[in-house]
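Q: Throw the hints in and build the complete structure from the sequences for me.
Read off the chains here:
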Amino acid sequence: MRSKNAIEETIRTKLNLTFDPPLRGQLLARALREQEQSQETEPALNRPAIRRMIMKNSMVKLGIAAVIVAVLGIGIVEFLGTGGTSGVVWAEVAKNVEASTGVIFRARGTGSRDPNDDWPNGYTIFSRSAALSRMDKYRGGQIYRTIYTNLDTKTLIGVLHDHKMYSKEAMSDERVQSARAQKGWTDPQGLLNLALSVEHHSLGQKTIDGVLCEGIEGTGPDGSTGRLWVGVETGYPVLIEVEATDKGGIRHTTTMDQFRWNVDLSAEGVEPEVPADYEPL
Amino acid sequence: MMEDQLLKWKLRRGSKEALAQVYQMYIDSMLTLAVGLLNNRAAAEDVVQDVFLSFARSAKDLRLHGSLRSYLMTAVLNRVRDRRRQLRRQASRRDATSYVSTQPAEPVCESAGPEQAAIRAEEAIRVTGAIAELPDEQREVVLLRLKANLRFRDIARLQQTSVNTALGRYRYGLDRLRSLLNGEVNR
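Sequences listed follow chains U and D, in order.
For the first sequence, this note's numbering assigns the number 1 to the initial residue and increments by one for each residue that follows.
For the second sequence, this note's numbering assigns the number 282 to the initial residue and increments by one for each residue that follows.
Hints listed in this document are in silico derivations from the structure and should not be mistaken for laboratory results.
Check each hint, because a few of them may be wrong.
[Unchecked claim] Sample of chain U residues with no beta-carbon within 10 Å of chain D, all distances over it, derived: (1) Phe-19; (2) Leu-27; (3) Ala-31; (4) Thr-101.
[Claimed, not checked] Simulated pairs of lysine to aspartate or glutamate, EDC-like, Cα-Cα distance not exceeding 20 Å: (5) D:Lys-291 x U:Glu-279; (6) U:Lys-164 x D:Glu-414; (7) D:Lys-341 x U:Glu-34; (8) U:Lys-154 x U:Glu-174; (9) D:Lys-341 x U:Glu-36; (10) U:Lys-95 x U:Asp-277; (11) D:Lys-297 x U:Glu-36; (12) D:Lys-297 x U:Glu-34; (13) U:Lys-4 x D:Asp-331; (14) U:Lys-168 x U:Glu-217; (15) D:Lys-291 x U:Glu-34; (16) D:Lys-341 x D:Glu-403; (17) U:Lys-14 x D:Asp-435; (18) U:Lys-206 x U:Glu-217; (19) U:Lys-164 x U:Glu-8; (20) U:Lys-14 x D:Glu-404; (21) U:Lys-164 x U:Glu-36; (22) U:Lys-14 x D:Glu-414; (23) U:Lys-168 x U:Glu-279; (24) U:Lys-164 x D:Glu-298; (25) U:Lys-164 x U:Glu-34; (26) D:Lys-291 x U:Glu-36.
[As the list claims (entries may be wrong)] Far from chain D, some chain U residues (derived; all Cβ distances over 12 Å): (27) Lys-4; (28) Lys-14; (29) Glu-34; (30) Ala-131; (31) Thr-153; (32) Gly-204.
For every residue, glycine included, the Cβ atom is placed at its ideal position computed from N, Cα and C.
A: Take a look at the structure:
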């Protein structure tokens, strides 16, 4: 018997039709001709309105946050299961993370459908606190996107460095509330809920970038595997690795490292400065 | 997403590269939705061609605040509804009993090997056939939700109904599909 979930999954993932190649080529060629003709008959409009779409990028950040939550959740299970007899007291890790004023880290990934996610050359630097969030995306060592949100001032700024363009807009109260509600790893209740739903095992200790770490590996209910390495002395995460398969069957890996915890982002000047020669989007 | 925003900006400036990119990104999803809604591959291909050519003609004037995906899927839905009305009129004139193909569409599935492709194609045919059994409203909600990733709020607006009604149609649709597909398995 198929469940409703199985039917939803089947429709989502298995019902995928494609145009036959000859028709596919013909249609694109016709579309390009139509586009060209329309350009010849009427001038293009050149005053685009500011869009509201950038906010959706925050979902990427929240996704990463959720991954951290999930992996930290494994840590709590470790604590609950063993009484914290190892070098790392995992409950303390959760407390440290929750209390951290802000964090900066690097994230890299494979398997994304985003053609700009060109592992191993691409990576993203995240800066996050309760109210501030900034994401800088790099490709080939060059920055090409910056997305910034400030929930206190309700400001959203997007910078397309590769196109020398930017967008600035006010966030609606609804969006601010929604962003605040999804606190990610700063939500202890979320941590606990996730902690109770996963199993794990110890990976022992190893030195990462000169820091003695202790690691655990767990498997989530969706089959994703997370590995969390925490500094024995500091009690903060040093390296997080996640492997998961999405609904389309694509295997993704995400690595988060270069963590800087307890950063005062308001003092770091995380709001992007838009160069004078950039045009509004 | 910002990349979506950039594509729209490029389209307004007549970028062929942007149009080709939109085509690669969405054309198969549009076809899948249209086939699901019409259960007639030839008619669905016509619908998608009409929609995309119209999109190409008007891309320079694009002024949409939502996502391109949502825009294109909504355009497919609207064109499908026109097509249904047209087919109903023709069917009525012919005194026909059905306005769509009685056979499910033959999907072409993306897959690594021929064996797996055959299994997936068979599954897709079964599902497409079952979806065709649903009333139009339920079929729309199920496909717009699962294949176009539209929110129930947006689906409700497209169906000019309440969110609760859209949710109810979705639930009934899935119940019916479950019954149809499980019945098929049990036979």
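Q: Next step is simple, just say for each hint if it's right about the structure.
A: Consistency of the hints with the structure:
no., hint, in the structure
1, Phe-19, "violated (6 Å)"
2, Leu-27, "violated (6 Å)"
3, Ala-31, "violated (4 Å)"
4, Thr-101, "holds (28 Å)"
5, D:Lys-291 x U:Glu-279, "holds (14 Å)"
6, U:Lys-164 x D:Glu-414, "violated (51 Å)"
7, D:Lys-341 x U:Glu-34, "holds (11 Å)"
8, U:Lys-154 x U:Glu-174, "holds (10 Å)"
9, D:Lys-341 x U:Glu-36, "holds (10 Å)"
10, U:Lys-95 x U:Asp-277, "violated (44 Å)"
11, D:Lys-297 x U:Glu-36, "holds (8 Å)"
12, D:Lys-297 x U:Glu-34, "holds (11 Å)"
13, U:Lys-4 x D:Asp-331, "violated (34 Å)"
14, U:Lys-168 x U:Glu-217, "violated (41 Å)"
15, D:Lys-291 x U:Glu-34, "holds (16 Å)"
16, D:Lys-341 x D:Glu-403, "violated (41 Å)"
17, U:Lys-14 x D:Asp-435, "violated (24 Å)"
18, U:Lys-206 x U:Glu-217, "holds (14 Å)"
19, U:Lys-164 x U:Glu-8, "violated (42 Å)"
20, U:Lys-14 x D:Glu-404, "holds (7 Å)"
21, U:Lys-164 x U:Glu-36, "violated (26 Å)"
22, U:Lys-14 x D:Glu-414, "holds (18 Å)"
23, U:Lys-168 x U:Glu-279, "holds (11 Å)"
24, U:Lys-164 x D:Glu-298, "holds (19 Å)"
25, U:Lys-164 x U:Glu-34, "violated (29 Å)"
26, D:Lys-291 x U:Glu-36, "holds (14 Å)"
27, Lys-4, "violated (5 Å)"
28, Lys-14, "violated (5 Å)"
29, Glu-34, "violated (4 Å)"
30, Ala-131, "holds (21 Å)"
31, Thr-153, "holds (20 Å)"
32, Gly-204, "holds (37 Å)"
Going down the numbered hints, you'll see the structure goes against 1, 2, 3, 6, 10, 13, 14, 16, 17, 19, 21, 25, 27, 28 and 29, while the others check out.
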